[in-house]
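Add chain Z with the ligands to chain C, keeping to what the hints say.
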Amino acid sequence: MTAALEVRELYMTFSGVDALSSVSLSVPQGTWMGLIGPNGSGKSTMLNVLSGLYKPRAGAVVVSGSDLGRVPARSRIKHGVCRTFQHPQLAASLTILENVMVGAVRGRGASADDETGLQWLARLGCAEYAEHLPAEVPYGVQKRAEVARALISEPSLLLLDEPAAGLSARERAELVAALREVREVLPDLTLCLVEHDVGLVASVCTELAVLSAGKLIAHGPTDEVLADDAVKLAYLGSRSTT
Amino acid sequence: MTTTVDRPTADPGSAPRRRRRLSDRAATTTGRGRVGARLATLVVACLAIFAFGQSSTPAIKYAVILSVVYAIAVLGNNAVLGLLGEMNLSSGVSMALGAYAFCYFANDGMGVVAAAVAAVALSTALAAIVAIPTTRLQGIFTALATFALAYAIPTLAIYMKEYTGGDEGTPAPFDFEIFGQLVSGSTTGMLVAALVVFAVLAAASLLMLNAAPGRAALMVGESELAGVTNGFNPRVIKVLVWTWAGFAGAVAGVLYALTVGFIGPTGFGFMLGVWILVGGVVAGARSAWGALLGGLFVGLVPVELQSYVPAEGTSIVFGVILLLALLAGGNGLAQWIERIGLLIKERTFGRKKVDA
Ligand SMILES: Nc1ncnc2c1ncn2[C@@H]1O[C@H](COP(=O)(O)OP(=O)(O)O)[C@@H](O)[C@H]1O
Ligand SMILES: [Mg+2]
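Chains as they are written, first to last, in my numbering: chain C, 1 to 242; chain Z, 1 to 356.
Isolated chain C, as found in the complex (with noise of 0.2 Å):
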């Protein structure tokens, strides 16, 4: 079976320094892979490059068995590939349900109709804000908006870049049901969870990916890689391992 995303041998630089560097990794289709990863060590890079908007050194990247080497960022919602950004990119002028909307006009889910916007806005948890401007909503709303935004294309591998930063206790949970719903609701959907918060990823995804200073030093189940003494190393030294 071919993987939903492949990624082999990844290298991006900035002036001279290594982002990612030497980065392999296979991840099966309905598959959901927390990235994580010391600040600075490559993770929203490695969206970027996945997104298409970096392009990388050496290295490919396979979605679902087609190489998007070639593959403009804009086109890659053609080829399932969805994100969201870790500082919400939505549109001010457009009410949080066309900015959700947005995402059908090019996506897979082209026929998606306000209906269906407004289902992901729900189980989102987040209708009741469909009419307003971002400007109007709380920070926690705007982040689920990308989500649904990213959603309603119908994506095969969707990219989530720190979708809990930011948000309070409470929203953070209801993130968490919200992404269990979605993997009830989506079962062929492949993640890759960028996220700061190891409890987080670790109640949501069944693999993890460990980036250190732009090298993938860990890649695995989730418990096995948590405990990895390489991992407790890197990362988890000076936290509580949550």
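Any given hint might turn out to be false.
Stated by the list, open to error - Some chain C residues near chain Z, calculated using beta-carbon distances under 8 Å: (1) Ile77; (2) Lys78; (3) Cys82; (4) Arg83; (5) Gln86; (6) Leu90; (7) Ser93; (8) Leu94; (9) Glu98; (10) Glu131.
Stated by the list, open to error - Pair ranges (Cβ atoms, derived): (11) Z:Gly36 / C:Ala110: 24 to 30 Å; (12) C:Lys232 / Z:Arg339: 53 to 59 Å; (13) Z:Ile140 / C:Ala110: 33 to 39 Å; (14) Z:Pro173 / C:Val71: 54 to 60 Å; (15) C:Thr206 / Z:Thr348: 58 to 64 Å; (16) Z:Ala128 / C:Ser22: 43 to 49 Å.
It is worth saying that the hints were derived from the structure and are not from the lab.
Cβ atoms here follow ideal geometry from the backbone N, Cα and C, with glycine treated the same way.
Same frame as chain C, but now just chain Z with the ligands:
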């Protein structure tokens, strides 16, 4: 894919259907939504300008007609400003292109209508070509590039003497009539023609702002990254918006030639593009009817200034006006007028509730 998990909040049966409706406040700050009310306001504003023009002296009526012509250019420029947030100082260039091409074709023996269509088509095509490199730039660099273009136009017009008449300019006495009405100078036919063209383009831009093209442009203009990852091509969308501005400018140029009856390089100095941009900022870049206010600003303020302020002082007054407009923030005068309207509406509704 079919989805079965539902929460009561998403139940379309129990929720109001008009989910795309913006709240009054959101509509005021974004300039979107309430399309019916906005179209009505647009018509009323056009009728008011018509009434004002008809009841004025020929000299003032002429200034009003020119203002409506400028309003068309402001409308086009507002798309670049209001959707993409870029400063375009070359609207005067589009007007010059439209006007010169129109006069050249018409003086060359083409019918007035054919010459107008050809001139607008040619100018729009040129605008699209110029937009391709321009949209690679951003912010101050866009402003500078368009400024350079605007700065070069009078010199270029003199240089291309064969087509433009050089320093002496080109006469444009076409005696063009629609329904027996002379469309020229300060005639009623000219006023109506300018207003109708303005109203049609303003209505079109209002409808586009609230439909898929407007949403795509706003997505790219307000968050390019998300636009890209959601499948939009920012370059194409930006070029289209700039081309629309070039089109509106060219239309304004044709009407300018008909109104003035003569065009020369002094009519399209670099300050024209500046005034058109500032007119949009002052009046509100997201408001279709507000473009009329912007046009009046361009048509009346620079001329009127001359009679109150010495020539050296105009740039100071100009700077103060721009500063005040920027400080007022948001979407300019049109938005403030809408806010006052909203306030009155809220007060009225409040009183009704007390009465009931
Ligand atoms: N656009 C960029 N230009 C230069 N350096 C960058 C850029 N993006 C990321 N980096 C660098 O790459 C490294 C990884 O950053 P990032 O992927 O944002 O880390 P993370 O998301 O894991 O916190 C950091 O050292 C960062 O400074
Ligand atoms: Mg990051």
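Assessment of proposed distance window 54 to 60 Å (beta carbons of Z:Pro173, C:Val71): holds (58 Å)
Interface hint compliance - C:Leu90 to chain Z, C-beta minimum distance less than 8 Å: holds (6 Å)
Restraint check, 8 Å cut-off on beta carbons, for C:Cys82 near chain Z: This interface hint holds because 7 Å falls under the 8 Å limit.
C:Glu98 as an interface hint toward chain Z, with CB separation required under 8 Å: Given a least distance of 6 Å, the restraint on C:Glu98 holds.
Closest C-beta approach of C:Gln86 to chain Z relative to 8 Å, hint status: violated (11 Å)
C:Glu131 as chain Z interface residue, shortest Cβ-Cβ below 8 Å: holds (6 Å)
C:Lys232 versus Z:Arg339 beta-carbon gap, inside 53 to 59 Å or not: At 58 Å between Cβs, range holds.
Satisfaction of the C:Ser93 interface hint, Cβ to chain Z closer than 8 Å: holds (4 Å)
Agreement of hint C:Lys78 with chain Z interface, Cβ distance less than 8 Å: holds (7 Å)
C:Thr206 paired with Z:Thr348, Cβ distance criterion 58 to 64 Å: holds (59 Å)
Hint validity - C:Leu94 Cβ closer than 8 Å to any chain Z Cβ: holds (6 Å)
Cβ separation of Z:Ile140 and C:Ala110, checked against the hinted range 33 to 39 Å: Because 38 Å falls inside the window, the suggested range holds.
Going through the hint list in order, the structure does not satisfy hint 5, though it satisfies all others.
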